[in-house]
Amino acid sequence: MTIRHHLSDQLLMAYAAGQLPEAFNLVVATHVSLCDECRARAASFDAVGGVLLEEAEEIAMGEDALARALERIEGLPQATRSEPLKPAGIFPAPLADYVGGDLSTVRWRKVGGGVKQAILPTGKDASARLLYIPAGTAVPDHGHRGMELTLVLQGAFADENDRFGRGDIEIADEEVEHTPVALAGEDCICLAATDAPLRFRGLIPRLAQPLLRI
Amino acid sequence: MTEQALPPMPSGIGGMVGSRQKKDGSLAKVEDETDWAGLLVKVRDHQDRAAFAALFRHFAPRVKAFLMKSGAGAALAEECAQDVMAVLWQKAHLFDPARASVATWVYTIARNRRIDALRKARRAEPEELDWGPEPEPDQAEVLEAQQETERLGRALAALPAPQRTLIERAFYGDLSHSEIAAETGLPLGTIKSRIRLALEKLRHQMG
Chain A
1 MTIRHHLSDQ LLMAYAAGQL PEAFNLVVAT HVSLCDECRA RAASFDAVGG VLLEEAEEIA
61 MGEDALARAL ERIEGLPQAT RSEPLKPAGI FPAPLADYVG GDLSTVRWRK VGGGVKQAIL
121 PTGKDASARL LYIPAGTAVP DHGHRGMELT LVLQGAFADE NDRFGRGDIE IADEEVEHTP
181 VALAGEDCIC LAATDAPLRF RGLIPRLAQP LLRI
Chain B
1 MTEQALPPMP SGIGGMVGSR QKKDGSLAKV EDETDWAGLL VKVRDHQDRA AFAALFRHFA
61 PRVKAFLMKS GAGAALAEEC AQDVMAVLWQ KAHLFDPARA SVATWVYTIA RNRRIDALRK
121 ARRAEPEELD WGPEPEPDQA EVLEAQQETE RLGRALAALP APQRTLIERA FYGDLSHSEI
181 AAETGLPLGT IKSRIRLALE KLRHQMG
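Sequence order for the protein chains is A and B. So for the first sequence, our numbering puts the first residue at 1; every next one is plus one. So for the second sequence, our numbering puts the first residue at 1; every next one is plus one.
Rather than coming from a laboratory, the hints here were simulated on the basis of the structure. Among the hints, erroneous ones may be present.
To be verified - No farther apart than 25 Å at their CA atoms in a straight line, the calculated lysine to any residue pairs in the SDA-like style are these:
| no. | chain 1 | residue 1 | chain 2 | residue 2 |
| --- | --- | --- | --- | --- |
| 1 | B | K192 | A | R4 |
| 2 | A | K124 | B | D174 |
| 3 | B | K91 | A | D64 |
| 4 | A | K124 | A | G100 |
| 5 | A | K86 | A | E63 |
| 6 | A | K86 | A | E57 |
| 7 | B | K120 | A | A184 |
| 8 | A | K86 | A | R129 |
| 9 | A | K110 | A | P121 |
| 10 | B | K69 | A | E63 |
| 11 | A | K110 | A | A135 |
| 12 | A | K86 | B | E128 |
| 13 | B | K91 | A | L70 |
| 14 | B | K91 | A | P87 |
| 15 | A | K86 | B | H93 |
| 16 | B | K201 | B | E141 |
| 17 | A | K124 | B | S178 |
| 18 | A | K116 | A | A196 |
| 19 | B | K91 | A | E71 |
| 20 | B | K201 | B | K120 |
To be verified - Label pairs and their computed distance ranges (CB to CB):
| no. | chain 1 | residue 1 | chain 2 | residue 2 | range |
| --- | --- | --- | --- | --- | --- |
| 21 | A | E37 | B | E150 | 21 to 27 Å |
| 22 | A | E177 | B | A74 | 47 to 53 Å |
| 23 | B | S178 | A | R68 | 48 to 54 Å |
Just so you know, even glycine gets a beta-carbon here, dropped at the ideal spot from N, CA and C.
Could you put together the complete structure from these sequences and hints?
Here it is as structure tokens:
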């Protein structure tokens, strides 16, 4: 698998700084699980945080702080290697954790035209959802307010500009207005997150929008 | 807390006196360039309480300052710094000195604690790779990881003040994700390349 579309420096730095909405954190962590290049880039931004911490001024801890810490670790066994979270089918571990299982556990809701979605439980500052787009189907023409991240988990889609396969991430902002189409072959499954509601061009999707919570 | 007020360092800890470029560009002697990674490995392998105490004295006041700059009150920051150091003890088995500096590792723990305590949000973490710390990491790799961190520190200090301030504000939670500028002016490429190589090696071993 060759990933061609990666996370931006801005997103990776915001992830390292702990400044992303929860829904974006989920997309970043899921992409990084599939992409060693972005895993290494994320680690280099973590190192910036480390250097800032090292160089930061100190604020004295309370007088008995060390004694309390030593007392506390006395009763604190060092964890043996805990069982790491496991991937489930096409879902890398962090996503499997949010879904609570693999593809078969997803409770899809129909959006129309064979497209289905499932909203994932995250904080309200941005929303995350799984999208199921049958092969060969177009997602309604839409523009964006804010930022929208779309990570392909299965199949592929293409828009006017490019093609996106498993592991690829599309970062769309207000400039982007496009009509993504799921390519023939496998049905396309994506993880998408946005920090603003999408605005659809067509009348019906716009009416349906409040119901879909997208 | 001043240096004089500190209890003496446990024997066998401490080390070379280094020099480092200060923000104003002059070379100045700095406090002991303690081998933090070595100390954390002692915590990891021998549950060494003296090593933990030395790490606590160095990092807890920095974590507290980091949390207070991020908007936590003094009491909450103190509690969270305690939590961060307890996690450092508990998860020492995950520390690999060939991959990250102790400061970086402490930073990631403190950042996650901040998200938890101040934003009350969950943070998804990437899938853990099954590489775990090697019992005897390659010393050359450990040294390289440490030197890289020092180089990064010097580069950060050498940045023009406005640029440095932007980076600090981003990491202290002062900027939203859309306000964060992607261009840091820092030499992150070497760190990325080293970690990328390590990942390739690991993938190869896993077959």
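Going down the list of hints, with the structure as the test:
| no. | hint | result |
| --- | --- | --- |
| 1 | B:K192 - A:R4 | holds, 18 Å |
| 2 | A:K124 - B:D174 | holds, 20 Å |
| 3 | B:K91 - A:D64 | holds, 23 Å |
| 4 | A:K124 - A:G100 | holds, 20 Å |
| 5 | A:K86 - A:E63 | violated, 43 Å |
| 6 | A:K86 - A:E57 | violated, 39 Å |
| 7 | B:K120 - A:A184 | violated, 42 Å |
| 8 | A:K86 - A:R129 | holds, 20 Å |
| 9 | A:K110 - A:P121 | holds, 18 Å |
| 10 | B:K69 - A:E63 | holds, 21 Å |
| 11 | A:K110 - A:A135 | holds, 16 Å |
| 12 | A:K86 - B:E128 | holds, 9 Å |
| 13 | B:K91 - A:L70 | holds, 16 Å |
| 14 | B:K91 - A:P87 | holds, 22 Å |
| 15 | A:K86 - B:H93 | holds, 19 Å |
| 16 | B:K201 - B:E141 | holds, 13 Å |
| 17 | A:K124 - B:S178 | holds, 17 Å |
| 18 | A:K116 - A:A196 | holds, 20 Å |
| 19 | B:K91 - A:E71 | holds, 17 Å |
| 20 | B:K201 - B:K120 | violated, 37 Å |
| 21 | A:E37 - B:E150: 21 to 27 Å | holds, 25 Å |
| 22 | A:E177 - B:A74: 47 to 53 Å | holds, 49 Å |
| 23 | B:S178 - A:R68: 48 to 54 Å | violated, 40 Å |
The structure fails to meet hints 5, 6, 7, 20, 23 from the earlier list, while all remaining hints are met.
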